Amino acid sequence: MAILLGENTKVIVQGITGKQGTFHAKSMIGYGTKVVAGVTPGKGGQEHLGVPVFDSMKEAVEATQATASVIFIPARFTYSAAMEAIDAGINLLTVITEGVPVQDSARIRQKALDNDVVMVGPNCPGLITPEASKIGIIPGKICTKGNVGIVSRSGTLTYEIIQNLTVNGFGQSTCVGLGGDPIKGIGFNECLTLFENDPLTKQIILVGEIGGTGEQQAADLVKKEITKPVYAFIAGQTAPPGKQMGHAGAIVHGKSGTAKEKMRILSEAGITTVKTSSEIPLRIKENL
Amino acid sequence: MPMLYEIEGKQLFKENKIPVPRFRAYTDSSSISQFVEEIGSDVMMAKAQALSGGRGKAGLIKKVSSAEAEEYIQSILGRDHRGKPVEIVMLEEPLEIEKEYYLAVMLDNESGKYLIIASSRGGVDIEEVAEHYPDDIFKKSLSIWDNPFSYLFIDLGKNLGFEAKTLTSFTNLMTNMVNMAKQRDLTLVEINPLILTPDKKIIAADSKVVIDGNSDFRQANIASLKSQRDRHTELEFEADQAGISYVQLDGEIGIIAGGAGLSMATCDLLEFFGSSPANFLDVGGGADEIKIEKSLEILSRQNIKGIFVNFFAGITRCDDVAQGIINASKKFEIKVPIVIRLVGTNDKKGISILEENGIKAYGEMEPAARKIIELVKGGN
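Chains A and B supply the protein sequences, listed in that same order.
The first sequence finishes on residue 864 if you use my numbering, and the numbering steps up by one all the way, no holes.
The second sequence finishes on residue 382 if you use my numbering, and the numbering steps up by one all the way, no holes.
Hints are computed from structural coordinates only; laboratory data are not their basis.
It should be emphasised that the depicted structure is a prediction, and the values quoted were computed from it without experimental measurement.
Glycine residues also receive a C-beta, built at the ideal position from the N, C-alpha and C atoms.
One should not assume that every hint holds.
[Said to hold, decoys possible] Residues on chain A that point at chain B, a partial pick, calculated with CB under 7 Å: (1) G675; (2) P701; (3) E736; (4) P758; (5) A811; (6) G812; (7) T848; (8) S854; (9) E855.
If we strip away everything but chain A, and leave its shape as in the complex, we get (with noise of 0.2 Å):
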């Protein structure tokens, strides 16, 4: 089934009245996943998009057995609704919304982890398996079944990305946008592993920004048990230095959140660097 998402997963949209959380249930509803229930507080019993709308995640899982959930709830009252997800037992968290604060997401973050949940995002895209099933908001007319597992902790730019894949003719198994924000749930090295043991995966494209450690950990993790050819694109290769974050933050990681010197990094681990999004499926060619 690709990872963590495959035709039979049945998702609950959290905020599925709401304008984004509309649009998108449509869209995800069209593709074809399994939307099976809309959590609204104060909407409950009514219909919507043609799907049962619940006043809490409880009453909807024990009606639909749903196992992930998608948040698109404005930013101030994300940090409830995806304790409430996780309370009532779902498995797959993915948190849309963007602006959450970070002490809300290191708490959601937590939880998640002591409830073995795998969380996504927020302030991410979500994942899609194509020809599957699609939580979140990436368009699914650009993505083709394929071989290609995608981890990137951008949203737009993996849309580039994939498409520039389908054009020239690799599907994908998997994509999953990690989301940018600098506490977030799983991370590159949990979706690495995924795409280890899946037997659709063929390769892996991981697609970075400067500022954080992941992409150093993902070269880490690659070195020692990752076998399959990876490739990786860095963002803001040409951007001015960013602001540290202090002096804390370098004792506590270092100072290596540069494209260049994550690139460096990763090419020493044995993944293939880019230098433009355009350049990935050239180089997967060169590589068959």
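Starting from the structure of chain A, add chain B where the hints point.
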């Protein structure tokens, strides 16, 4: 990273029972005598407030007598420090120093926990301490759920060499510092140095505070501080107020993109093709036509030679982007060439809105980037 001025950080410290020297803010040099009387000392520290580092080396921090204070304040108010004029000078009571320490509480991105970092070698560049004396740096992490009870910090205090009453003052300070970080959504609180006085009191002689911009909606008092206005250029501030991520750069082509990653990749591409970006601009997910119009208005006030609009829309809709561009072009004249690349959600609708107005849209990023560069270079 949204930082506070030292004096704003110290005000927060004061409100949260973290001991600080007595201080006062000056935007001119009047009524210094009142402060002299209050602290009962004829010497004091004068510190220009700035968001960039290197104040000491720039001569913006000085120990002065009450007689010198007025002239010194006048001499540094308005002086440029790394592109920004000094607008506030803080006068502060001088401290007697027995020993200096380093202390920081940060919300750690990797672990999602609060991390406390402390050293008995404070007052100097802590990165150098970490390099040369790693054993003198102590770390402790606290789960996001933990209550920062003072007993949790006894070991840390003993590692730093605090005894008796000072140890209790230290553990209480730690409790207050962590609680403050949690309650006020601070991602970094750094005290360097924390001063031990000869009478065994500990006092925060400096403050470095980084806030979480995402929490503005529940931290209105912090979000409205002067530092939060001053950390931006005028255009950046306007963009920020409109919910647009915009960073002014000094290249020739203005950029409007959807998504931080794509915006960065667009900057990169212009550089690779021999041009340069005049800005980074991410309209954010789900931007409406008003935000697009605002983005164009901001760019129209920057000195640029061309505009490159680059969207691969997911949560944003191409028809909104197109309509925003048309609205903007009707309200004010866009004097430079503009190239638009538009694909993703509702792209057919967006492209036809542009075509009705005689504008061609590109489907791919690289040909569009080459086109705008050609127009800009050709126009020279």
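Q.
I'd like to know which numbered hints this structure contradicts. Please list them from smallest to largest.
A. 7, 9
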